[in-house]
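Enquirer: Residue numbers (our numbering), protein chains in the order written: chain A, 154 to 419; chain B, 187 to 606.
For the record, the hints were derived by calculation from the structure and aren't laboratory data. Keep in mind that a hint or two might mislead.
[Stated by the list, open to error] When the alpha-carbon atoms are kept at most 30 Å apart in a straight line, the in silico DSBU-like pairs for lysine-lysine are as follows:
no.: 1; chain 1: B; residue 1: K529; chain 2: A; residue 2: K367
no.: 2; chain 1: B; residue 1: K311; chain 2: B; residue 2: K422
no.: 3; chain 1: A; residue 1: K233; chain 2: B; residue 2: K422
no.: 4; chain 1: B; residue 1: K529; chain 2: B; residue 2: K372
no.: 5; chain 1: B; residue 1: K372; chain 2: A; residue 2: K338
no.: 6; chain 1: A; residue 1: K165; chain 2: A; residue 2: K233
no.: 7; chain 1: A; residue 1: K317; chain 2: A; residue 2: K338
no.: 8; chain 1: B; residue 1: K372; chain 2: A; residue 2: K265
no.: 9; chain 1: B; residue 1: K367; chain 2: A; residue 2: K338
no.: 10; chain 1: A; residue 1: K338; chain 2: A; residue 2: K298
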Amino acid sequence: MGRIADAFAKAKKENRAALVIYLCAGDPDLRTTEDLVVAAAESGADVIELGIPFSDPTADGPAIQRASERSLAAGTTLAKVLDTVSAIRRRTDVPILLFGYYNPILSYGEQKVVEDAAARGADGFLVVDLPPEESDGLRRPAIAKGLDFVPLIAPTSDRERVAKAAAAATSFIYYVSMTGVTGSKATDLASASERAGALQRELGRPIAIGFGVKTKEDIATVAPHVDGVVVGSAVVRLVEEAESATAALSTVRTLVAELASGTVRQ
Amino acid sequence: MAKTLSADTVQDALAPLLRYVLRLMQTPEPAPGRYGPYGGRYVAETLMPALDELTHAYEESQRDPEFQAELDSLLHHYAGRPTPTYFASRLSEEVGSRIWLKREDLCHTGAHKVNNTIGQILLAKRMGKTRIIAETGAGQHGVATATSCALMGLPCEVYMGAEDVRRQAPNVRRMELLGAKVHSVKSGSATLKDAMNEALRDWVTNVRTTHYCVGSVAGPHPYPLIVRDFQAVIGKEARAQMIEQAGKLPDAVVACVGGGSNAMGIFAGFVDDESVRLIGVEAAGEGVTTGRHAAPLCAGGVGVLHGSKSYVLQTADGQIQEAHSISAGLDYPGVGPEHAWLKDTGRATYGAVTDAQALDAFQQLCRTEGIIPALETSHAFAYLPVVVEELGDDADILVCLSGRGDKDLDTVLAQLKSRS
Numbered sequence: 154m155g156r157i158a159d160a161f162a163k164a165k166k167e168n169r170a171a172l173v174i175y176l177c178a179g180d181p182d183l184r185t186t187e188d189l190v191v192a193a194a195e196s197g198a199d200v201i202e203l204g205i206p207f208s209d210p211t212a213d214g215p216a217i218q219r220a221s222e223r224s225l226a227a228g229t230t231l232a233k234v235l236d237t238v239s240a241i242r243r244r245t246d247v248p249i250l251l252f253g254y255y256n257p258i259l260s261y262g263e264q265k266v267v268e269d270a271a272a273r274g275a276d277g278f279l280v281v282d283l284p285p286e287e288s289d290g291l292r293r294p295a296i297a298k299g300l301d302f303v304p305l306i307a308p309t310s311d312r313e314r315v316a317k318a319a320a321a322a323t324s325f326i327y328y329v330s331m332t333g334v335t336g337s338k339a340t341d342l343a344s345a346s347e348r349a350g351a352l353q354r355e356l357g358r359p360i361a362i363g364f365g366v367k368t369k370e371d372i373a374t375v376a377p378h379v380d381g382v383v384v385g386s387a388v389v390r391l392v393e394e395a396e397s398a399t400a401a402l403s404t405v406r407t408l409v410a411e412l413a414s415g416t417v418r419q
Numbered sequence: 187m188a189k190t191l192s193a194d195t196v197q198d199a200l201a202p203l204l205r206y207v208l209r210l211m212q213t214p215e216p217a218p219g220r221y222g223p224y225g226g227r228y229v230a231e232t233l234m235p236a237l238d239e240l241t242h243a244y245e246e247s248q249r250d251p252e253f254q255a256e257l258d259s260l261l262h263h264y265a266g267r268p269t270p271t272y273f274a275s276r277l278s279e280e281v282g283s284r285i286w287l288k289r290e291d292l293c294h295t296g297a298h299k300v301n302n303t304i305g306q307i308l309l310a311k312r313m314g315k316t317r318i319i320a321e322t323g324a325g326q327h328g329v330a331t332a333t334s335c336a337l338m339g340l341p342c343e344v345y346m347g348a349e350d351v352r353r354q355a356p357n358v359r360r361m362e363l364l365g366a367k368v369h370s371v372k373s374g375s376a377t378l379k380d381a382m383n384e385a386l387r388d389w390v391t392n393v394r395t396t397h398y399c400v401g402s403v404a405g406p407h408p409y410p411l412i413v414r415d416f417q418a419v420i421g422k423e424a425r426a427q428m429i430e431q432a433g434k435l436p437d438a439v440v441a442c443v444g445g446g447s448n449a450m451g452i453f454a455g456f457v458d459d460e461s462v463r464l465i466g467v468e469a470a471g472e473g474v475t476t477g478r479h480a481a482p483l484c485a486g487g488v489g490v491l492h493g494s495k496s497y498v499l500q501t502a503d504g505q506i507q508e509a510h511s512i513s514a515g516l517d518y519p520g521v522g523p524e525h526a527w528l529k530d531t532g533r534a535t536y537g538a539v540t541d542a543q544a545l546d547a548f549q550q551l552c553r554t555e556g557i558i559p560a561l562e563t564s565h566a567f568a569y570l571p572v573v574v575e576e577l578g579d580d581a582d583i584l585v586c587l588s589g590r591g592d593k594d595l596d597t598v599l600a601q602l603k604s605r606s
């Protein structure tokens, strides 16, 4: 098993959902990102989704759009993000899932990005605009290198598409809680969690719920049903609002610790 | 009377079949939605089922004579089809050869865009969608969508870059009069690319009730196919008109290319006629070497933008670059995937002209023919000297006059003033 599957298994053994925290690499700069990842891991994050910024993030709401803009303005590239993974790996074993859009990956080269990501200690890929039917070029080399490919299931996915996602998955499946962009207000997290829980039992594979999950209470709603939960925009907003890198580290630590306390199943 | 069977006669008889089989082996049937390596579906999972639904609904509609009859009737009685093909004698004298104009500027709403929107809104109704969204650059697709929605009684919201809202103000008023809500998009370069991002975000949120009426032959499958098919009426009519009026097929067909819908529409009528050269003209902005242009086919690389693989303007790190063109409708860093394939296979060729050249061609058509073309369309005219130089004076050149230019008067007058 890879680090991501291990992290899910460990959380399950401890009777809690795995906490997945999204951070946009390079927001506000890559040195701070390195510290933020380590801080999040120390505060209870089980997996880090490390966002590769893209100029046209069509699945993201305003918070992550702005974070991507700040990151690109600071000169972040995919190559530099991979170097940051190396730096992080020298400080923590937290699993790192590279999270982004397809064009920077295509431009870098699918085979090459897999080799470089593996060499630097990343653990897998989640590409928002790469559905299973377009994913072979990245997924096959990733699996060959022992990296995970994380597919998504949406509320609109029918049984056939759920089966496609399950077939493409290597560790967990990302369940999008609602139709919408990241950072939207969750409409009915409780029933989304129940649907995702039923799917997790049926597919026999861990599911993590994301989109619209912001607070400890949200996590407490989700945790009894599925093996993982993802928080992104709420963390990114703290980074945006912080007056300094030190302040960002401090507020992110506090939030992640609080979120982690919500993952324990009662 | 039977021929004697010999090795030669058998070979002769089988030759066509062998050639056919060989051709099949060389060109495997492409996957649906693929044009060579281009096209495909690169979108969030949430949208994938909607694209399947749209594909099925479109295929069904193609087999439904009632749908076709309703579409044909609206195109005829409402949109004013068929549009004329007109021999531009004074322009021909100035630029050489014989120039023919396919008059899409005479369509209702003043551009070819309505051919597609009537088709898509009919399709949306067929799918039971209750809300329509669209992106627009120059505002022509927005106006055409708002018009079709008013016609069929559906609410319409249009995403438009703030920069385009400014330079295409008359079209914003027009859309509002037609009952559409116009969202001014301020993110990124505040032009067509960003409007499309925002429309996709709306769609991913409201996908169950909403049809996204894409205006060009871009986007994920099946949009490049659907939009081309709805626009193919341009080429179909023009081909018959050329045969009737010129007594022959044109030697070349020229059209401007932003996303590429008017070009795909007119090319579709001639793509099987090997003698007809297909020429697309992109916007070179301030020049393709300046970095400020909108010519991905001439000066871009292969990438994925807005759901399909094609040529795009991008940095070395795969970030999409802002396009630049005087023409809002061409101000887009991507292009439809079928154009990418036509370019690679050599079936079509693509050139580019600058803002200044387009502006000159704009004025030339006004003066010689009494026709005010859209700035987008003016790019096709600005490329005619290159085409004439290659084909000589004894050639028939068909230009897709994709839209009228009333919407561009503010931009053009300001530019001309700054020149003098």
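Enquirer: Could you tell me which of the numbered hints above are not met by this structure, giving the numbers in increasing order?
Expert: 1, 3, 4, 6, 8 and 10
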